[in-house]
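Given next are the chains, with one letter for each unit.
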Amino acid sequence: MQLSGKKIPLSISLLFWFLVWELIGQIGVFSIFPPLSRIIVAGMTILPSEKFIKATEISLRSFAIGMALSLIVGIALGVLMARVKTVRETLGTWVNVFVSAPISALVPILMGVLGIGETTVVATVFLFAVFVIILDTQVGISKADQSLIEMARSFGARRYQIYTKVLILSALPEILAGVRLGAIRGVKGVVIGQLLISIIGVGELFELYSKHFLMEEFWALVIVVFAFAFLISEAIAYLERRVEYYAGAR
Amino acid sequence: MSVDPIVELKGIGKTYETGVEALREVSFGFPVGKLSTLLGPSGCGKTTLLKIIGGLIPPTTGEVWVKGKRVDGPGVERAFVFQDFALLPWATVLRNVAFGLELRGVPKEQRLEIARKFIGEVGLTAFESSYPHQLSGGMRQRVGLARALTVDADIILMDEPFSSVDEQTRRKFQEDLIDLLQHRQKTVIFVTHSIEEATYLSDLIVLLSARPGTVSQIIQPNVDRGSKSADEIRRDKNYLDAVDKIWQVLKKYLG
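In order, the protein sequences belong to chains A and B.
Residue numbering for the first sequence is 1 to 250, as defined by the numbering used here.
Residue numbering for the second sequence is 251 to 505, as defined by the numbering used here.
Rather than coming from a laboratory, the hints here were simulated on the basis of the structure.
Among the clues, some could well be false.
[To be verified] Mimicking DSS-like on lysine-lysine, the simulated pairs with C-alpha atoms at most 27 Å apart in a straight line are:
id, chain 1, residue 1, chain 2, residue 2
1, B, K260, B, K319
2, A, K165, B, K260
3, A, K165, B, K367
[To be verified] Computed spacing ranges between beta-carbons, pair by pair:
id, chain 1, residue 1, chain 2, residue 2, range
4, B, A376, A, W17, 49 to 55 Å
5, B, E271, A, K85, 54 to 60 Å
6, A, A68, B, Y266, 54 to 60 Å
7, B, S292, A, Q146, 18 to 24 Å
8, A, T164, B, E446, 28 to 34 Å
All values reported here derive from a predicted model rather than from experimental measurement.
Just so it is clear, CB atoms sit at the ideal spot from N, CA and C, and this is done for glycine as well.
Just need the whole structure built from these sequences, with the hints factored in.
Right, here's the structure in full:
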């Protein structure tokens, strides 16, 4: 944020908006916006509660399993699409369709097939995250310097060594960008999946709070989920910056 | 040439999928322990020929024989130095130089020790832990050369190694290359488009014709490198005669 040409530190900017929120809450015109101070107090009480801890546990587990699957499948398929023409021709269009498709629309069908439970949420996370990882991996691998592959071959590299020691590392900046976007989508996947199922995890809590108009608790939960998504994304962005020094030099 | 050829080309031809015929009936034996240069007009297929010798590209017709055996792929007795350096951008100089040994499964301690030795020989000891993008073009190619030396191949194939290097660095590099090779019994096959470079470095120059490339003439500059300094060589009569002779041949293929 900028004010009369000067950059304002993030903390000041946040503080300003917190104050605005607090004021609007205190005036009390919009009942869905309670004052921030009361949200924080509500957050303090729900965070240590057994219900919240259990919801977090379930949500994190679904997220972790779904992301792990989409990393494995996404990177493997991305590499195959970049290297094998028939795979690229068979899957290319579908991946492009699914990367932009509103996956949420498929959750009810997933529920029908996989049942109303964690498996459906894991599948939702997977479908939200996997396609962008496939695409970015494919781009990274196709962009890899052919001369490095030739070099590795000239020194007697075996086929798997070309993948492990040249191609994957060469594509790392793109793969990480895909993983970051995938993780952000994955968080959406957890929340949307759980909201639609509405009997487990943070989705159940959201459902509970909004049904009973517990706005303080509701907003506290929103802030926690937003912060989680932001932190995950920043953590991967940090890794990206660490490999960036060679992304430009390739 | 009285010595046995270490690399023998038998009727090498290469036609690309696009229908372009790059090489036709190239037959030649490269003498052991000598520096031979492939020189020719641009597009004559000299780099293609070098890559065929390196086993990186299959020839359409003909055979490559190395040390008395027919080869159809890369091998431990040949090491390649690339025009664009081909260094791993994510790896330090040390790891890049050791990369050939890493691919062959040499234990870490051992391969780093060997790499350090050659980094020293090409004069980059102070840059062991630098990354390629922090080095100049000339330094990067020294890394490429050190990497080729670590695997102790008998034959070193160099594809226009100095073409991305500025003129002054190039001269210094050429002199260092001669120094480095003088003590070793290496056979070097070198691709260049520079007549001066070829004459200055080579024991033997294979002149290729315009596309489709074929052996046009063999020239031995007979420059006495043993006793003369680099600058004296560049004023040597044999040197100047060879440059002129090559130019007379190549001129035909231009325009």
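How the hints compare with the structure:
1. K260/B x K319/B: The hint holds at about 12 Å.
2. K165/A x K260/B: 35 Å, violated
3. K165/A x K367/B: OK: K165/A and K367/B at ~23 Å, within 27 Å.
4. A376/B x W17/A: 49 to 55 Å: 51 Å, holds
5. E271/B x K85/A: 54 to 60 Å: For E271/B and K85/A the Cβ distance comes to about 26 Å; the hint is violated.
6. A68/A x Y266/B: 54 to 60 Å: 44 Å, violated
7. S292/B x Q146/A: 18 to 24 Å: For Q146/A against S292/B, whose Cβ atoms are near 21 Å apart, the range 18 to 24 Å holds.
8. T164/A x E446/B: 28 to 34 Å: 43 Å, violated
Of the numbered hints stated above, those contradicted by the structure are hints 2, 5, 6, 8, listed in ascending order.
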